[in-house]
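Protein chains: 2
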Amino acid sequence: MKLKLLFSCFIAAGIAVPAFAQEPVDAAMVQKIREEGLNHSKVMETAFYLTDVSGPRLANSPGLKRAQNWAVNQLKTWGMANAKLEAWGKFGKGWEVQKNYAAITIPYYHAIIAIPKAWTPGTNGLIKGEVMLLKADSAAELEQYKGKLAGKIVIFDTKAPTERTWKVDAARYTDEELAEMANAKATPEGPRRNAADAAQMATFRKLRAFRATLSQFLVDEKAGLVLSQARGTDGTVFTTNGASYADTAKAVAPELETSSEDYQRIVRLIKGGQPVQLEADIKTQFISDDLQGYDVVAEIPGTDKKLKDQVVMIGGHLDSWHAATGATDNAAGSAVMLEAMRILKAINFKPKRTIRIALWSSEEQGLFGSRGYVANHFGDPKTMELKPEQAKLSAYYNLDNGTGKIRGVYLQGDSAAAPIFKAWLEPFKDLGATTLTIRNTGGTDHLSFDAVGIPGFQFIQDAIDYGTRTHHSNQDTYDRLVQDDLKQAATIVASFVYHTSQRAEMIPRKELPKPQRAR
Amino acid sequence: MKLKLLFSCFIAAGIAVPAFAQEPVDAAMVQKIREEGLNHSKVMETAFYLTDVSGPRLANSPGLKRAQNWAVNQLKTWGMANAKLEAWGKFGKGWEVQKNYAAITIPYYHAIIAIPKAWTPGTNGLIKGEVMLLKADSAAELEQYKGKLAGKIVIFDTKAPTERTWKVDAARYTDEELAEMANAKATPEGPRRNAADAAQMATFRKLRAFRATLSQFLVDEKAGLVLSQARGTDGTVFTTNGASYADTAKAVAPELETSSEDYQRIVRLIKGGQPVQLEADIKTQFISDDLQGYDVVAEIPGTDKKLKDQVVMIGGHLDSWHAATGATDNAAGSAVMLEAMRILKAINFKPKRTIRIALWSSEEQGLFGSRGYVANHFGDPKTMELKPEQAKLSAYYNLDNGTGKIRGVYLQGDSAAAPIFKAWLEPFKDLGATTLTIRNTGGTDHLSFDAVGIPGFQFIQDAIDYGTRTHHSNQDTYDRLVQDDLKQAATIVASFVYHTSQRAEMIPRKELPKPQRAR
Chain A
1 MKLKLLFSCF IAAGIAVPAF AQEPVDAAMV QKIREEGLNH SKVMETAFYL
51 TDVSGPRLAN SPGLKRAQNW AVNQLKTWGM ANAKLEAWGK FGKGWEVQKN
101 YAAITIPYYH AIIAIPKAWT PGTNGLIKGE VMLLKADSAA ELEQYKGKLA
151 GKIVIFDTKA PTERTWKVDA ARYTDEELAE MANAKATPEG PRRNAADAAQ
201 MATFRKLRAF RATLSQFLVD EKAGLVLSQA RGTDGTVFTT NGASYADTAK
251 AVAPELETSS EDYQRIVRLI KGGQPVQLEA DIKTQFISDD LQGYDVVAEI
301 PGTDKKLKDQ VVMIGGHLDS WHAATGATDN AAGSAVMLEA MRILKAINFK
351 PKRTIRIALW SSEEQGLFGS RGYVANHFGD PKTMELKPEQ AKLSAYYNLD
401 NGTGKIRGVY LQGDSAAAPI FKAWLEPFKD LGATTLTIRN TGGTDHLSFD
451 AVGIPGFQFI QDAIDYGTRT HHSNQDTYDR LVQDDLKQAA TIVASFVYHT
501 SQRAEMIPRK ELPKPQRAR
Chain B
1 MKLKLLFSCF IAAGIAVPAF AQEPVDAAMV QKIREEGLNH SKVMETAFYL
51 TDVSGPRLAN SPGLKRAQNW AVNQLKTWGM ANAKLEAWGK FGKGWEVQKN
101 YAAITIPYYH AIIAIPKAWT PGTNGLIKGE VMLLKADSAA ELEQYKGKLA
151 GKIVIFDTKA PTERTWKVDA ARYTDEELAE MANAKATPEG PRRNAADAAQ
201 MATFRKLRAF RATLSQFLVD EKAGLVLSQA RGTDGTVFTT NGASYADTAK
251 AVAPELETSS EDYQRIVRLI KGGQPVQLEA DIKTQFISDD LQGYDVVAEI
301 PGTDKKLKDQ VVMIGGHLDS WHAATGATDN AAGSAVMLEA MRILKAINFK
351 PKRTIRIALW SSEEQGLFGS RGYVANHFGD PKTMELKPEQ AKLSAYYNLD
401 NGTGKIRGVY LQGDSAAAPI FKAWLEPFKD LGATTLTIRN TGGTDHLSFD
451 AVGIPGFQFI QDAIDYGTRT HHSNQDTYDR LVQDDLKQAA TIVASFVYHT
501 SQRAEMIPRK ELPKPQRAR
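From first to last, the protein sequence lines stand for chains A and B. Just so it is clear: in the first sequence, position 202 is 202 by the UniProt record's numbering, and no numbers are missing. Just so it is clear: in the second sequence, position 112 is 112 by the UniProt record's numbering, and no numbers are missing.
If a hint is listed, it holds; no wrong ones were tucked in.
One copy or two, either will do: identical chains are not told apart, so a pair holds if it fits within one copy or between any two.
No more than 27 Å apart at the CA atoms, straight line, and that leaves these computed lysine-lysine pairs for BS3-like:
#: 1; residue 1: LYS152; residue 2: LYS283
#: 2; residue 1: LYS283; residue 2: LYS128
#: 3; residue 1: LYS42; residue 2: LYS159
#: 4; residue 1: LYS128; residue 2: LYS65
#: 5; residue 1: LYS128; residue 2: LYS148
#: 6; residue 1: LYS271; residue 2: LYS65
#: 7; residue 1: LYS90; residue 2: LYS382
#: 8; residue 1: LYS510; residue 2: LYS308
#: 9; residue 1: LYS42; residue 2: LYS271
#: 10; residue 1: LYS76; residue 2: LYS271
Since the hints were derived computationally from the structure, they do not count as laboratory data.
Produce the complete structure using the sequences and hints provided.
Below, the structure is given as structure tokens:
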């Protein structure tokens, strides 16, 4: 009866599961894990060190190094084995802000909210000058500014983004949204490219080409400072990079990503015939002494003779953007994964398979830390040449969607994992984790594993204010962490890791992907 | 039949209206006003000059003077009579920010979002130093810091306010909320003070006394800079004053109202045993050359022999706080009132009664501009000694609740005005203005008129994000103005003013209030 009910339940959820699959759950161990994770948590303390104490953790920055070193030491303190920094390959230059001041001085004084774009240079001390509104959509139109920009502050006639949304900033998944995910057949295929797409693509390419031209023009003309409009409102400023981190990167002009309100005020004034003067003092520092990228790794070694060479991995990226301390992106995921390791150690668990944590770097620039690690250990997705370790990694679990609690798992197309995860989620119904979706989710490090045929999963997490306020913004600070959510996540991850490490078989795999080169 | 229907409608709305009161409405003139106000509006242009061009408009600041002078000139340009600045009495010093820079430098660099409190001094150039966490709730506890604060940066162990509300920032009144207001019998009487209130009051007095002690201690000890926590999250910082504007004001220490996220980061670090260093360069300017406060006034003179000495007034305060350009508080109301005057002039209206606009100053410090004007022209609410002009002012209409459109009128207890306003609102049903409430509303300049027995009204306005984001914050900028709402408000005000100026009788009055001294 129970099995039948379970079966029909899965049918309802759109995922076909064989009726004989009754995955065992160790209720006593789950209880131990819950007790440690929910009632003796250290996750907020960990998050404090990763955020407030370490600072911004841009790839290869001093802040990231502080956090990496703290994590290695903390993992050692907790008794993990093989805790270390592991080089994954060449990344490029580190970079950090060392002074950031900009203010309107005419028609009246007003300090603006603005953030230097990552990997852009500073102003070489305090500069002052009139802001020039540059209107050009082509190289030809740029010509009129030749010889006029040296030392000047430049702004563009960019449209205001500051529309009220009349929506809440922070929200959790509704039951309806979760049901929709559970009932999904698969991630919808994107529409085939058509003529309209081709036209759009051509426009985009043209725009990108012009941006490169513009960037070079601003350098050649020795523009003193460029203001670009940031996404975000109300003092929230989303940041990006303004130049390449490569050691061979071309020079760019100093560039400030400016809050939309301050940006639009300047644009309105100039367009209204009111001259605007600005003063700014931006100092940024490039760090080139070590171009290698590193991941933090540590283990709880397996103890079963036959299985200890097999591995279950958990991870998340530790690097962040530079305008805040990357609390939800992704100190949250890093702290949860560290906490999951701590929980398992605290209850003195001796796993059959080896449990390994990895905290990636340079995720924000293209999942480089995990891709490099995967290339070094497991295989090359371009050729599908695999290494022996590939066959021994049961699964990789990732967390990188903010501070929100776990609501379930993206199966990433691995339908055979559904009955297993269904059983493992069962003890966490009361904590809101119930949903399996066959869908893929992208944008983070489980993809690096998935690309070489290793089961790689990102959990479904409540968004809270990830999209509206924190993701890559100057507001991604410790304040945004929801303590109860992080405790819940660490507890569930620890339980998943426990069960994966003890399971008779490894997590079933999808068909091996085709080599990327052949696709 | 129509009257009967009207009557039952008023019953439903909780306001008893005599069945014979059928107030005339001039439909043709309403149409003219709508055409000018909705289709040929200048309200956004006016708002641009009051906000972006003038800058922050703190009482007696250069920004306010710019806006006042612009308004006087613009009123003249539009052809108003008697446009001028009118002194209302002594206010105190002007003040403005001339440099505002502060950043954490240790454990890593991070420029903070913080605003000097109004009327506080600067730092006398760049200062650097460790931040000291001061824990004291009494003068005795302060003793431990004696001799230790000179030049130091001081912070307090204040609780974090950064709770997610999970509510929308911006909203309009719902039909239910409007119905509740319409059905109200009167503003609920506050509960009588009891023993618990007395205890609370005593606590408050103690706290206030300690604050004064603390403030003096910080000055005596020559603290270099004080950080206090601002209300607001996500980069939104609400500001206040940190000292008196009086020319005789006591000295205070420099004080920065710091965004809650930056403030809490510093507090967490220090409490976590991590020293924090800050650098700051704050320059503020006091302006003492003229301590008088001024209101902007202008008129469209009455043309009816018998009625031209009678007046209808409209107004709103033009002064703002200093962290932004006071767009919703209250450039919005000022721009709408200026626009209402412009509309009436543009349609070449020659009123029977004189129409007068007044844009107040020093409202934020206690409705001083309107109180002073009322004292000079109409009477003294303390003694209820009235001047002849008091008998000749039909009504005063105020706008000061943000950018939101008009949804109706607070009758301020003047139930005899209900049938009149009901009729006058009728042509604006399609624009969402329908509600009369017998309730009082407070906090702004109509109170100064109400206090001497003159019908004074504030319109009901949609809140939008007034309470959550803009009211007294660093985000109260032009971007927050809702163009369609301001057009609607100006159109309705112009129509109200038209009808008030032409009406056979003045607006009926409530019983004269008792002298405040006698209450």
